[in-house]
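With chain G's structure known, arrange chain R on it following the hints.
In case you want the letters, here they are:
Protein chains: 2
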Amino acid sequence: MPDKRLLVCVVGMPGSGKSLVAEVARELGFDVVVMGDAVRREARRRGLEPTGENLRRLMKILRAERGPAVVAELCFPLVDASGPLVLVDGIRSLDEVEAFRRRYGRAVLVAVHASPRTRFERLRARGRRDDPRSWEEFRERDEVELQVGIGTAIAMADHVLVNEGTPEELKRAARQLLTKLVAGEAGRA
Amino acid sequence: MPDKRLLVCVVGMPGSGKSLVAEVARELGFDVVVMGDAVRREARRRGLEPTGENLRRLMKILRAERGPAVVAELCFPLVDASGPLVLVDGIRSLDEVEAFRRRYGRAVLVAVHASPRTRFERLRARGRRDDPRSWEEFRERDEVELQVGIGTAIAMADHVLVNEGTPEELKRAARQLLTKLVAGEAGRA
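Here the protein sequences come in this chain order: G and R.
No gaps in the numbering here: position 163 of the first sequence is 163 in our numbering, and each next residue is one more.
Position in the second sequence (first residue = 1) + 189 = our numbering.
For the record, the hints were derived by calculation from the structure and aren't laboratory data.
On a predicted model such as this, the values are computed, not experimentally measured, just so you know.
C-beta: ideal position from N, C-alpha, C; glycine also.
Each hint can be trusted.
Here are the computed lysine-lysine pairs in the DSSO-like style, where the Cα-Cα straight-line distance is at most 30 Å: (1) G:180 <-> G:4; (2) R:249 <-> G:60; (3) R:360 <-> G:180; (4) G:171 <-> R:369; (5) G:171 <-> R:360; (6) G:171 <-> G:4; (7) R:193 <-> R:369; (8) R:360 <-> R:193.
Covered, in the sense of this in silico footprint (three residues per stretch, anywhere, with C-beta under 8 Å from a C-beta of chain G), are these stretches of chain R: (9) 298-307; (10) 336-347.
Chain G with its partners taken away, still in its complex shape (with noise of 0.2 Å):
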């Protein structure tokens, strides 16, 4: 029996407003599973302090141990608790895509983009502890990311949500897009 869920991922670059169309998400329904969160909780479990750099050293492990989607199996057990309308926040690659495709029958794949000049301001301002605080440190936090293929993952998303305007702008684009693809879903049930 195909899963009934609506289950929607979402991709993006550092700073370039995922967390803004997850809030959406909540606002309207929708399950929200952290990828991030799954590999803090992993963290946890093997007693390591959940700072930003034995994070992305965790993943690299978990990666070469489990291959390139672990971190999407990881939320497995999540998206089962979740209810009909789910969103999967911070994909960083399509294999982990297609790791809830396998699973779940289908999954909407949404690209949040901010361009690089507009995301570090961003970062910047925002000041979190592990956010970077100059330019080298900002594309070397990209390259990261970029290493794991989540270019990849953008390119070959189904929705693109631009990013440039105000945290307002974006909501609104997030609400439209979630609205439509809830109704799309209703409409093929």
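Below, chain R without anything else, positioned relative to chain G:
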């Protein structure tokens, strides 16, 4: 002395609509350098028939021999011979963009995006000799581009044009963006 040209590089998966953006650029007075033409010229120079298969093989050989930015380098003479507004169509990796930036000081990277489903239907409708006839052929051809690193260039684009509607809609968006870039450049000069 910094180069005074406005150099716009266009990246997009097969069938995304790059050539429509080039068409608009020509209308606006840009010289258009098609990266594939540079490879075709190199093929002729080597006495090769310019079939899709031969060109892809030649690009692979060139990259192995002369590095990941070789196709950009083959375009330098064409850009050098161009006027103040140049659009380079057919970027396949960030290495190529960086080569243009090293040589010309600045290059604006524009990605054209359409979903895999939309691109497949367009390419099938277009039916050039080299276009895919099945979903499998389409995905294989995408894979060739993704292997070169086209996804990274798309992820790192300065601007994205989403092309899910009519050709006219894309051309309107492209005209607006290019006009803005030309004006910005004029303002800076």
